[in-house]
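Residue strings, one per chain:
Protein chains: 4
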Amino acid sequence: MIKVGIIGATGYAGGELVRILSGHKDAEIVWYGSRSYIDEKYADIYRNMFEIVEDSCLDDNMEELSKKADVIFTATPQGFCASVVNEGMLDNTKIIDLSADFRIKDVATYEKWYGIEHKSPRFIEEAVYGLCEVNREAVRNARLVANPGCYPTCSFLSIYPLAKEGMIDMNTLIIDAKSGTSGAGRGAKVGNLYCEVNENIKAYGVTGHRHTPEIEEQLGLASGEQVLLNFTTHLVPMNRGILVTAYASLKQKATYEEVRAAYDKYYDGERFVRVLEKDICPETRWVEGSNYVDVNFKVDERTGRIIMMGAMDNLVKGAAGQAVQNMNLMFGLPEDEGLAFVPLFP
Amino acid sequence: MIKVGIIGATGYAGGELVRILSGHKDAEIVWYGSRSYIDEKYADIYRNMFEIVEDSCLDDNMEELSKKADVIFTATPQGFCASVVNEGMLDNTKIIDLSADFRIKDVATYEKWYGIEHKSPRFIEEAVYGLCEVNREAVRNARLVANPGCYPTCSFLSIYPLAKEGMIDMNTLIIDAKSGTSGAGRGAKVGNLYCEVNENIKAYGVTGHRHTPEIEEQLGLASGEQVLLNFTTHLVPMNRGILVTAYASLKQKATYEEVRAAYDKYYDGERFVRVLEKDICPETRWVEGSNYVDVNFKVDERTGRIIMMGAMDNLVKGAAGQAVQNMNLMFGLPEDEGLAFVPLFP
Amino acid sequence: MIKVGIIGATGYAGGELVRILSGHKDAEIVWYGSRSYIDEKYADIYRNMFEIVEDSCLDDNMEELSKKADVIFTATPQGFCASVVNEGMLDNTKIIDLSADFRIKDVATYEKWYGIEHKSPRFIEEAVYGLCEVNREAVRNARLVANPGCYPTCSFLSIYPLAKEGMIDMNTLIIDAKSGTSGAGRGAKVGNLYCEVNENIKAYGVTGHRHTPEIEEQLGLASGEQVLLNFTTHLVPMNRGILVTAYASLKQKATYEEVRAAYDKYYDGERFVRVLEKDICPETRWVEGSNYVDVNFKVDERTGRIIMMGAMDNLVKGAAGQAVQNMNLMFGLPEDEGLAFVPLFP
Amino acid sequence: MIKVGIIGATGYAGGELVRILSGHKDAEIVWYGSRSYIDEKYADIYRNMFEIVEDSCLDDNMEELSKKADVIFTATPQGFCASVVNEGMLDNTKIIDLSADFRIKDVATYEKWYGIEHKSPRFIEEAVYGLCEVNREAVRNARLVANPGCYPTCSFLSIYPLAKEGMIDMNTLIIDAKSGTSGAGRGAKVGNLYCEVNENIKAYGVTGHRHTPEIEEQLGLASGEQVLLNFTTHLVPMNRGILVTAYASLKQKATYEEVRAAYDKYYDGERFVRVLEKDICPETRWVEGSNYVDVNFKVDERTGRIIMMGAMDNLVKGAAGQAVQNMNLMFGLPEDEGLAFVPLFP
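Residue numbers (full-length UniProt numbering), protein chains in the order written: chain B, 1 to 346; chain R, 1 to 346; chain E, 1 to 346; chain L, 1 to 346.
Please keep in mind that the hints were generated in silico from the structure rather than gathered at the bench. There could be a bad hint or two in this list.
Copies of one chain are not kept apart here, so a pair can be met inside one copy or by any two copies together.
[What the hints assert, rightly or not] In silico DSS-like links for lysine-lysine, alpha-carbon gap of 30 Å or less:
no.	residue 1	residue 2
1	Lys253	Lys189
2	Lys112	Lys251
3	Lys41	Lys298
4	Lys189	Lys278
5	Lys298	Lys251
6	Lys105	Lys67
7	Lys251	Lys68
8	Lys189	Lys41
9	Lys105	Lys298
10	Lys298	Lys68
11	Lys189	Lys298
12	Lys41	Lys278
13	Lys164	Lys265
14	Lys105	Lys41
15	Lys68	Lys3
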């Protein structure tokens, strides 16, 4: 039985970790860390867990936790994990960090976009970017995994095969993304109140969203080119789901079959990536509650561009599900252990 | 492996049966019956099932199906099951009917409230009302189970202990129920369009909802009295969930502890009924996607009434989940096999 | 031109006052009071008002304001208005208080249900309960109007004719009410976040909602009896709207026509009360953005009860619209001046 | 008093025409045309109009109507208006067509994208594209106005100043648009049911949306270049609202002030276009129920692109409001007569 500790267990991503791990047959949660709710019963904060979780919340003492847990998930604000991780801790336990602290290899880029100092630059090199579909082997052997961001996961997987195959002009890439509101977290802010989000759609963080450099770095690695792109995010009145609509010019004309072959090359056999049938657009409702990413594309002969699309549950494949997928790899378990949820519809 | 056939597999309740049974380790679906979509791939109708279900839809030929399946779920409009069931069929297979055809023991009552002739009155006596928490033993031995209605399940379980213990005046009972929109089915009607349901709440079927006699009959059996009550339903802009708020006069003053003891007497050890802690009201979000019913109550000393409340996912405990719970009983499996979903939140 | 001051202009009710008064041809707002946003441009807080309102927010100094305004709306938390109102102020200006401070005639009842001391009991007697349909003449001559609560307005108007005519047994009255989320205010609370309210319905304040004594007092006045009732409120995932479903026993059998005659007796000629046609249930979508209350009823011969229903926009007839209706009466204007909104659908 | 006839009065755009015209002091509706609901009371179909509209629906006989009405709004499917309009009709009455029949000057383009034959090509030249902000003078003198599409209105107005000033490379233009569900109409289709739209976002009509050539033509006229662009639409779970996020490369570097000056040049003094303050993104909630279009932009120095954004109520400025704005111009009334709605929030 893998002993799991969660720091930040009462945010939405933390709550989803608890939900998923509650049904995982080889893992048990030994630490529900939540600074805000110390000593409160976890099931009083997430009442869906009533009679399922009996424990109360503990603080975020990673040192102590690292002696008890085989793996720690940090579902915490940026900067937390980098400020506490150390060599001794990593000798005792594995860490899967759901924040951005170890996702970006260039410290200056991290510090510029996140506006904070990185407290543990020495672990950046070691950290593995936990996108299983790309870094599967590295993840298996990692002590420290940087769990990818929600938008980057969906954006990258929608575009990856064409970037890797060099079929698109990376300088023309525009990613227009839409997210449900759970991505904004459980903090009490006026902007996230029901009446402010409902019956509304808006763009936010235009030209400055923090996930931009993460996407650029990963697509840069895939394509072998430096990538500068536009990434725009929108808040949608729904709980879960991310939809990505990405645009790029094809380097040269390509038929449906040729593009499809590129997608199949990378995603055949992937348990959690579904390349949809021709002309079927991904929709968030078809992946809700599951670890799937649905992707597809459409060639526009008029403009010479290709539209690449992806849909995903931001709390599952975009956070907790992917984190558990990483855990499974790190502990030699079947990759879909505890993740075989059929999407919930309606 | 239990061979399962589903008639009406493309309605919302049918879709939920498919979702649940896809993860059930002792059952496999051998027949996706759907008159409207014969020969279409099931996953083209419910795209969440892409790469999960490969089969196409078949017709609703129960005769043929009964030779292949160990159990048939009929998630069909009122009247269908009664019009096809026969002795030979029940020799071959078990039937769990999700419609109202066999829920009401009095034919005249059925025919009056449903406005159709009952085609198989001879099976009404045999049919077991499949509310596992009450009729567990009878269900185990049944050939034909009448799966309870969504509203009746939630209403009954909210009130049952006090009716059974004779603590409330049954003639004062008023049930005010609220349901998400999946309860209205997947038929294309103007009244169920997004823009008609969204940003709205309305009562419907006032004084004439068909679930009224079913609730009255079951509460009558529990209390040993004839019951006449008011039952009002409301349509709420959400996908899933039923909330019941029921009012009755206490026969005599009762403390919290006395009432609580009644609930505990009937629900202690029940896998899928959660009696909440004092003063915590049931909410549909805490049970979504699960087979739980959350119940609680509040005594009003000012008026001498008690308010009984219940929350449930109408497609799970209110339909497909309860049907699978019945199947598990009928085949000697653990009652929660394939039903151990943790509620999905948010 | 009536000079209007608003204290609490940045809450949802305050925002609605601004919206309505912006289109009122005989009123102009001279004071946007908002303690939290002093010196901020009003249109930065409610961007719908961009290029419509140029002013910035001021503090809540009622003394100063009373010298400048012909009428002050206090859309403030309980206790504020009672703590500042004085004789001199009422010599200078009229006050329409949207809080509960002057709604309840019995101080002890107020203090018990609201849990605060009443600071101005001497004005309670003078204050007029501003339900225009009942107290029209008194409102015309009032200096201080207690604008009714949202739930009480909808509950009372749904029941009033039958209470007044003595047709229902007041001791059997049960009011089950449902409200959109704007009723919960614009404060930043976890419980009101989008993801907490969306896809959910719950009861709250069961047996203890503060609007209970207000409804009881008004129905008591109408019926000439002391009234004790059950009043339960529910939070619905929509922005605006209140729906009331009320139950009572008829004192004696009554036909549709007899009951209808009672409704017509009180509501014929009422500009903002629409008694719907037979069998049509009120729905919140049909009144959204307007000052209408839609009411109707259904007699249940089986149980001898009558179900009385009402739908209303909680921010308009339930708050700002009714306040402006009161203002119109107090200043001798047509009652619907600035209130002739056609409901917005969808 | 302008006598108005509406053909297609029971669709959502038709309903919005009725709502707006009900409050228009110089217009009265003399014909509620609705093939599907002939002889039914209009207020039985849109119950928000109860006690406001007493008339019943009539058929869609344009010949007869043209003898009674000063202006006819055709809120009908593509092809209807073109199939009935004739010279005699236009001698009698003005026509404002809310369909696409007369929006596109090139018949072949219309027939290709809409897949139907154009029955009245001879009126295409005469028809004025009713975007008041651009064609104000022509609209004043028109007999036949082609009311712009919802997406084209929002897209065009977001981009127009920069296209007109030649500041952006038109060949790089990508428009990613999001719409509420009322844009899909009131037809009973499974895809528009509440449970199918709620908790979901999807792209649709990718590379083939019919509004593409309309946008290309208008931007071509503005820029003096032939325009080929990508236009992608998304369905958002909300009733009203369109948000446009458009991307293009700047021909040469431009400061905020330079771009802002271009917007101001065209929109200063425009009653219904609000250019927001720096860094404020348009949101649909701030325009709901009103005739405003809110626009703004953001320069991305990293990529050399500009992001242009617009928000609008699809049923008002995107349909009925703009149609009434056109009517006002055609009849010499103030452009905002009957359109001075303050946006409704929340």
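To see whether the hints hold, each was checked on the structure:
1. Lys253 / Lys189: neither (48 Å within a copy, 37 Å between copies)
2. Lys112 / Lys251: The answer is between: 28 Å across copies meets 30 Å, while 32 Å in one copy does not.
3. Lys41 / Lys298: between (49 Å within a copy, 23 Å between copies)
4. Lys189 / Lys278: Cα proximity of lysine 189 and lysine 278: across copies only (23 Å, versus 42 Å in one copy).
5. Lys298 / Lys251: Both ways: lysine 298 and lysine 251 sit 15 Å apart in one copy and 28 Å across, limit 30 Å.
6. Lys105 / Lys67: within (28 Å within a copy, 62 Å between copies)
7. Lys251 / Lys68: Neither: 53 Å inside a copy, 54 Å across copies.
8. Lys189 / Lys41: Both, since 24 Å and 20 Å are each at most 30 Å.
9. Lys105 / Lys298: So lysine 105 and lysine 298 pass the 30 Å test across copies only (28 Å; inside, 33 Å).
10. Lys298 / Lys68: neither (50 Å within a copy, 42 Å between copies)
11. Lys189 / Lys298: Classified as between: cross-chain Cα gap 25 Å, same-chain 38 Å, threshold 30 Å.
12. Lys41 / Lys278: between (49 Å within a copy, 15 Å between copies)
13. Lys164 / Lys265: within (11 Å within a copy, 45 Å between copies)
14. Lys105 / Lys41: Neither. Shortest intra-copy (38 Å) and inter-copy (43 Å) distances fail the 30 Å Cα cut-off.
15. Lys68 / Lys3: Close inside one copy (7 Å), not across copies (45 Å); limit 30 Å.
Taken one by one, the earlier hints fail for this structure at numbers 1, 7, 10 and 14, listed in ascending order.
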